[in-house]
Amino acid sequence: MHSVTKLTLRRPRFFQLTLALLLAGIFGSPGLGKAQDLTALSIEQLMNLEVYTASKFLQKTSEAPATVSIISADDIKRYGYRTLTDALKSLRGVYIAYDRNYSYIGTRGFGRPGDYNTRVLLLVDGYRLNDNIYDQAPIGTDFPLDMAMIERIEFVPGPGSAIYGANAFFGVINVITKQGKSIEGTEAALELASLNTTKARASLGRTLDNGSDLLLSVSAYDSKGKDRYFPEFDTPASNNGIAQGLDYARYQQFFAKWKMGAVTLTASADDRKKGIPTASYGQIFNDPRSYTDDQHAFLNLTYADTLSAKLDGYGSVYYGETRYKGDYAYSQPTPTNKDGSTGKWWGAEARLVSTAWSGQKIMAGVETRQDLERRLFNFDDLPYASNLDTNPKKRTYALYLQDEITLNEQLILNAGIRYDHDSESGTSTNPRLAMIYKAQPETTLKLLYGTAFRAPNAYERYYDVGLILNPDLKSESIKTTELAIEHFFREDLRGTASLFSYKINNLIGLTTLPSGISFQNSNMEAKGLELEAERVWTDDSRLKGSISWQLAKNSDSGEWLSNSPRRLAKLNYTTPVYGDAARLGLEMQFASARLNTLGNLVGGYGITNLTLGSHKLAKNLEVYASIYDLFDRRRTDPASDEHYDSNGTYLESIQQDGRSFRINMTYKF
Numbered sequence: 001m002h003s004v005t006k007l008t009l010r011r012p013r014f015f016q017l018t019l020a021l022l023l024a025g026i027f028g029s030p031g032l033g034k035a036q037d038l039t040a041l042s043i044e045q046l047m048n049l050e051v052y053t054a055s056k057f058l059q060k061t062s063e064a065p066a067t068v069s070i071i072s073a074d075d076i077k078r079y080g081y082r083t084l085t086d087a088l089k090s091l092r093g094v095y096i097a098y099d100r101n102y103s104y105i106g107t108r109g110f111g112r113p114g115d116y117n118t119r120v121l122l123l124v125d126g127y128r129l130n131d132n133i134y135d136q137a138p139i140g141t142d143f144p145l146d147m148a149m150i151e152r153i154e155f156v157p158g159p160g161s162a163i164y165g166a167n168a169f170f171g172v173i174n175v176i177t178k179q180g181k182s183i184e185g186t187e188a189a190l191e192l193a194s195l196n197t198t199k200a201r202a203s204l205g206r207t208l209d210n211g212s213d214l215l216l217s218v219s220a221y222d223s224k225g226k227d228r229y230f231p232e233f234d235t236p237a238s239n240n241g242i243a244q245g246l247d248y249a250r251y252q253q254f255f256a257k258w259k260m261g262a263v264t265l266t267a268s269a270d271d272r273k274k275g276i277p278t279a280s281y282g283q284i285f286n287d288p289r290s291y292t293d294d295q296h297a298f299l300n301l302t303y304a305d306t307l308s309a310k311l312d313g314y315g316s317v318y319y320g321e322t323r324y325k326g327d328y329a330y331s332q333p334t335p336t337n338k339d340g341s342t343g344k345w346w347g348a349e350a351r352l353v354s355t356a357w358s359g360q361k362i363m364a365g366v367e368t369r370q371d372l373e374r375r376l377f378n379f380d381d382l383p384y385a386s387n388l389d390t391n392p393k394k395r396t397y398a399l400y401l402q403d404e405i406t407l408n409e410q411l412i413l414n415a416g417i418r419y420d421h422d423s424e425s426g427t428s429t430n431p432r433l434a435m436i437y438k439a440q441p442e443t444t445l446k447l448l449y450g451t452a453f454r455a456p457n458a459y460e461r462y463y464d465v466g467l468i469l470n471p472d473l474k475s476e477s478i479k480t481t482e483l484a485i486e487h488f489f490r491e492d493l494r495g496t497a498s499l500f501s502y503k504i505n506n507l508i509g510l511t512t513l514p515s516g517i518s519f520q521n522s523n524m525e526a527k528g529l530e531l532e533a534e535r536v537w538t539d540d541s542r543l544k545g546s547i548s549w550q551l552a553k554n555s556d557s558g559e560w561l562s563n564s565p566r567r568l569a570k571l572n573y574t575t576p577v578y579g580d581a582a583r584l585g586l587e588m589q590f591a592s593a594r595l596n597t598l599g600n601l602v603g604g605y606g607i608t609n610l611t612l613g614s615h616k617l618a619k620n621l622e623v624y625a626s627i628y629d630l631f632d633r634r635r636t637d638p639a640s641d642e643h644y645d646s647n648g649t650y651l652e653s654i655q656q657d658g659r660s661f662r663i664n665m666t667y668k669f
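The sequence shown lines up with residues 1 to 669 when you count with our numbering.
In short, the hints are calculated from the structure, not lab data.
Where hints are given, some of them may not hold.
[Unchecked claim] Cut-off 30 Å, straight-line C-alpha distance, at most; resulting in silico cross-link-like pairs (BS3-like, lysine-lysine):
| no. | residue 1 | residue 2 |
| --- | --- | --- |
| 1 | Lys616 | Lys199 |
| 2 | Lys668 | Lys619 |
| 3 | Lys226 | Lys344 |
| 4 | Lys344 | Lys310 |
| 5 | Lys325 | Lys344 |
| 6 | Lys438 | Lys479 |
[Claimed, not checked] Label pairs and their computed distance ranges (CB to CB):
| no. | residue 1 | residue 2 | range |
| --- | --- | --- | --- |
| 7 | Glu184 | Pro431 | 38 to 46 Å |
| 8 | Gln440 | Gly658 | 33 to 41 Å |
| 9 | Asp464 | Ser194 | 34 to 42 Å |
| 10 | His421 | Tyr384 | 38 to 46 Å |
Note that CB positions come from ideal geometry on N, CA and C, so glycine has one too.
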């Protein structure tokens with residue numbers, strides 16, 4: 001066991017500051033504008049906002065069996081969100097770690113080192129984006145869609161296996177894309193940013209003569225990055241700790257969506273190449289051969305229609321594939337280790353939603369997924385030597401049922417259950433129960449219980465290059481209880497409070513053993529409290545803030561988990577300036593200290609981002625300029641077990657970008 005050593009811990013006085021700013025804004029700070037009655041945004045309208053992801057059908061947020069968060073297309077522009085990662089950082093209880101290759105999501109205190117976002121289900125218009133090899137949800141520059149193509153993002157925290165199955169462990173993210181009519185023309189966008197970064201996009205949106213809707217978009221991104229300094233490697237043999245020219249990133253994206261009546265066809269493809277400056281997995285430090293390349297593609301055909309007055313139908317058929325390859329440098333001049341995988345799969349889903357019985361909305365569905373390829377390979381070149389080549393295919397099928405019962409005007413009972421069969425891991429049955437009580441027209445109480453599961457993926461089961469296989473690896477399971485209250489204090493002010501408890505059995509994580517690194521099971525638990533408030537003004541100024549307290553620990557040892565901040569705080573404020581000529585977006589994000597996998601503390605951080613945009617500088621031109629980490633706090637994220645070099649030197653933490661800028665210009669034809 002490693003002793004806890006202080007690295008760069010900074011006392012989190014920013015939490016008191018954030019709370020003071022939030023309370024001042026919510027309860028009448030004149031510096032934020034004059035609060036008035038919102039005739040255009042009443043309590044009823046606010047509570048009747050509809051979401052889809054919580055139950056696979058549209059329902060009011062106040063009646064959803066979860067505390068759903070929404071990020072709109074306007075939010076993406078107003079706060080300068082460059083990637084899905086940027087947007088997710090704004091959500092209460094959510095935090096992100098970045099190792100200069102991939103971004104890793106943490107929620108409610110759980111962000112396990114070395115985990116490729118396997119415990120959060122990522123959807124694009126309902127299509128499952130998690131792959132069939134790593135269960136990876138790509139959320140950084142490897143996310144396949146341009147942010148300009150997103151209509152909104154819905155995040156449902158907590159277990160979702162009762163309707164979604166595997167991977168819906170800590171939450172479900174559904175990225176809902178735009179339609180062509182939202183553009184209705186042609187857009188060309190150019191982006192210039194720090195780190196010698198450029199990005200270009202061209203998009204076409206049309207309502208065709210036959211009434212169908214078409215959206216096409218292509219994007220290209222290139223960032224040269226900058227040289228990165230790692231003090232742990234500061235020796236003459238390791239170029240004095242400087243990784244030169246290895247933090248580059250390049251990607252290309254294609255997206256198409258066609259909708260006619262009840263039928264929607266969506267296609268996506270992307271390719272990202274990223275340099276690795278961290279010498280992960282025991283590589284030689286500062287070797288230019290080190291990089292990864294990730295590709296994703298999918299085709300999704302859906303049908304959604306009202307079959308009769310009391311029956312809705314949905315069906316989908318899809319195909320997906322992912323390809324990964326990485327070059328890892330272990331000796332000079334050769335060999336280079338070639339690592340890779342290829343995943344291909346198809347699947348189908350069908351469900352019916354009936355309101356034939358008074359006071360009930362019953363949903364029944366079936367789903368299947370079949371692997372066509374699930375290959376992991378690794379070899380050394382010059383001379384060629386194969387280290388791994390396996391293709392363990394599997395198939396899954398599932399049945400699920402949910403009933404939303406309106407007992408009276410104040411009380412709704414939501415009960416769901418899903419049975420999953422996995423040819424590799426066996427079966428799992430997961431229920432969800434929710435009691436939703438409208439105590440007053442402006443107050444809703446939610447008592448939520450659910451379970452979820454995740455089976456070991458192909459990487460965890462079969463990858464033995466640099467890792468020790470664990471033949472006794474078990475499937476993960478979680479049981480959660482949550483009590484939430486959603487209240488509208490007045491027509492312009494809402495608040496949410498949530499108290500939660502998680503119990504996890506057999507959580508899979510990378511562990512450093514005396515004999516090497518291996519995936520092992522362990523039991524975890526967490527308890528926490530989340531508070532959020534939002535205020536809206538008549539001029540469309542908006543203030544939203546949240547504070548989260550959580551304690552996640554190992555149930556067996558009682559130890560505080562690595563990469564798990566005990567406190568998080570978020571503040572977002574946007575307002576028109578110069579009349580309605582421009583728009584200002586201010587964002588503040590705070591996190592307390594976290595442990596790294598060596599048991600040492602990595603200091604907390606406070607980040608401020610500022611965005612100013614206008615669509616009135618010139619006809620058909622929209623310009624947004626952003627400064628990220630305005631005060632140049634230079635935060636660091638904990639390093640995970642794979643971050644060490646060929647001399648056995650381990651990274652303690654990984655430096656983030658510090659102050660940077662971006663300007664985005666979009667012209668509409």
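Going down the list of hints, with the structure as the test:
no.	hint	result
1	Lys616 with Lys199	holds, 22 Å
2	Lys668 with Lys619	holds, 9 Å
3	Lys226 with Lys344	violated, 35 Å
4	Lys344 with Lys310	violated, 37 Å
5	Lys325 with Lys344	holds, 15 Å
6	Lys438 with Lys479	holds, 25 Å
7	Glu184 with Pro431: 38 to 46 Å	holds, 45 Å
8	Gln440 with Gly658: 33 to 41 Å	violated, 48 Å
9	Asp464 with Ser194: 34 to 42 Å	holds, 40 Å
10	His421 with Tyr384: 38 to 46 Å	holds, 40 Å
In this structure, the hints that do not hold are numbers 3, 4, 8, in rising order.
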